[in-house]
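Assemble chain B onto chain A, guided by the hints.
These protein sequence lines are chains A and B, in that order.
The numbers in our numbering rise by one with no breaks, and the one at position 178 of the first sequence is 1044.
The numbers in our numbering rise by one with no breaks, and the one at position 13 of the second sequence is 800.
Worth flagging that the hints you see were computed from the coordinates, not collected in a lab.
Treat the hints with care, as some may be off.
Output of the computed footprint for chain B on chain A, the stretches with three or more beta carbons under 8 Å from beta carbons of chain B [unchecked claim]:
{"id": "1", "segment": "921 to 930"}
{"id": "2", "segment": "951 to 962"}
{"id": "3", "segment": "977 to 984"}
With a straight-line Cα cutoff of 20 Å, these simulated EDC-like cross-link-like pairs (lysine to aspartate or glutamate) come out [to be verified]:
{"id": "4", "chain 1": "A", "residue 1": "K962", "chain 2": "B", "residue 2": "D912"}
{"id": "5", "chain 1": "A", "residue 1": "K1095", "chain 2": "A", "residue 2": "E1148"}
{"id": "6", "chain 1": "B", "residue 1": "K870", "chain 2": "B", "residue 2": "D912"}
{"id": "7", "chain 1": "A", "residue 1": "K1010", "chain 2": "B", "residue 2": "E979"}
{"id": "8", "chain 1": "A", "residue 1": "K962", "chain 2": "B", "residue 2": "E976"}
{"id": "9", "chain 1": "A", "residue 1": "K962", "chain 2": "A", "residue 2": "D1003"}
{"id": "10", "chain 1": "A", "residue 1": "K962", "chain 2": "B", "residue 2": "D1053"}
{"id": "11", "chain 1": "A", "residue 1": "K1095", "chain 2": "A", "residue 2": "E1143"}
{"id": "12", "chain 1": "A", "residue 1": "K1010", "chain 2": "A", "residue 2": "D1036"}
{"id": "13", "chain 1": "A", "residue 1": "K1104", "chain 2": "A", "residue 2": "D1066"}
{"id": "14", "chain 1": "A", "residue 1": "K1010", "chain 2": "A", "residue 2": "E950"}
{"id": "15", "chain 1": "B", "residue 1": "K1055", "chain 2": "B", "residue 2": "E976"}
Where a beta carbon is used, it is the ideal one built from N, C-alpha and C, also for glycine.
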Amino acid sequence: MAAATSASERTQAAISVEDLTYAYGDLVAVDGISFSVAPGEVLGFLGPNGAGKSTTIKVLTGQLSPRSGSARILGQDVGRDRPEVQARIGVCFEEKNLYLNMSGRENLRFFARLFGMPRFDPDPLLLRVGLADRGGDRVQGYSKGMRQRLMVARTLVNHPDVLFLDEPTDGLDPVSARTIRDIIREEAARGAAVLLTTHDMWEADELSDRVAFINEGRIAALDTPENLKLQYGERRVKVRTRVQGEIQEELISLDDPEAGERLRAAAAKDLLTIHTEEATLEQIFIRLTGRGLQ
Amino acid sequence: MSLSRVLNVLRKDLRLGPRSPIFLWTLVLPFAATLLMQVVFGSLLDPNPRLGVVDLGDSEISRDVQAIEGIRVALLDDPAELKEQVEAHDLDAGLILPAGFDEALRAGEKPPLELYISGQSARSDRAILAVTALDLVRQVEGSASLVDVQLVSLGEGEALAISERLIPLLVLLALVIAGVFLTSFTLVEERERHTLDALLVTPLTITEVLLSKAVLGLLLALAMAVVTLALNGALSAAPVALLLSLLAGAVMSVEIGLLYGTAARDTKSLYTLVKSLNLLVFAPVIFYLFPDWPQWIAKLFPTYWFLEPIFEVAVNGAGLSEVWFELLVSLALSVAFIPVIIVLGRRMQAQLGAA
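Chain A with its partners taken away, still in its complex shape (with noise of 0.2 Å):
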């Protein structure tokens, strides 16, 4: 598995987790995992509910305390130099817990005081999640989607170095999914390190360098999503020609000797599609736990 933290991942890794493990109580929620995530890269954590993913961000974000192992933030000590680490990383929750009875601005404000930002201006963060013209308005009149944008724009009030994001676009309208895609690229390419639980597959592999597989507590796999697909999927293309008026679908494997005079004889015809036959994120996910993600 390419699972495992080099010494050189180590020490520049912004996120940096060695045989980590959580109990509530006997239930073991998260068993000895180890990853890091580096400045600048976005690590998808994919899983079902229940496999470890909210309680290893809990861990990571100090709402937690480790049974064993070590989480390091930046070089810290999540558990030692909490206030420190808490100071420099973004939470998005799934929940959407702000304060109903403030306006969005004012939600903004009072969280960039807690990080002992006095004069911080949230406009340019509200135009960024396409608030800026409700930011007066009182969040209990917000839409679902407008909630969660907020949710991200107080996630960035620090200008954090670390974000952590639980299902940032869970159930949100296409326009407010893709306005938190788009500022989840732009973080990354700032320089703050992501690390993104998602149930959303097409979303992991679109946004993600790496991607995590976490099942009953433990990584099944991780790694880029290309490298996944490589090392899990078949290697075939599926080839749709027209042969006298029917159409006719032909799935080549690539690891065929005869695959290129197949190919050759198909293009011979009436050829209409070639598709690669790639594994999704979900059914290699399927093939390595045995079970979905839903």
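Quick look at chain B alone, frame taken from chain A:
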């Protein structure tokens, strides 16, 4: 610990206050409770008979009657107005002194004197006012009293009116609503709405959160207790002793609020806690209303130790030297609560993460 972060949370809660029903209730309750006691039950609770006097001449009686303790006197100009007020039971009785009354009395003419009695007045009040009127007339006439009556008060609480005995209840209500309910409710609300999770992944610590809630409850409890005493005319001549007593009450109330707030997982369990335990909080008040009951029982309840100084200073005019022991016990109890609050606060934080 950052004072700046504590103040930021406090400022947020104060700003959100007018948008919160519990906050508004805190501000309104002292007025509502006092109004309820004074307006709805006012005549029942007023221990003093109310006498209206219209002096059509320049009688000594209208001057002397105002010096009598235990009678509320209202001087009016118009006999018709006097009769209206007596009839409406705004006054228990009305006395009309005709012009030249004193001179006629001294001349031995036995002039008629009209004393109007309200049909709704208590029999005891009628007797008191009738005897008082006769006594005043005799003084003007110059005849000596047959006997010199000496008043001897028996029993510690005999001299206090019910309205004065209700002051501990009213002050405790103000302290409990602001100190206990507001403090615990704002904390549980943050927890229930998961905003506390968001706060605790910033540099803000759970101790700072608890402290900010405590300061909010403390300020409002103190202010509302002072307002309650002012509304009931019980602001003492010993302001330092009174302030310290109220401060002791506000601190303990806030601590009880923090205990509730850290122990309760949600609003429902908070209400269960309040319903179960508030009997213990309010129990000492009963002993002020029923002074014949064994008073030592009240001392078993923590709230007694700040209520007693408040009562003694505000109602009986005691000074710091007379209530220092109770204040010391109250302080000791407040200090003893602190580690319990810290333990419950940490437990709450662990529960939050594990939720």
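Checklist entry - Looking back at the hints listed earlier, which ones does the structure fail to meet? => result 4, 13, 14
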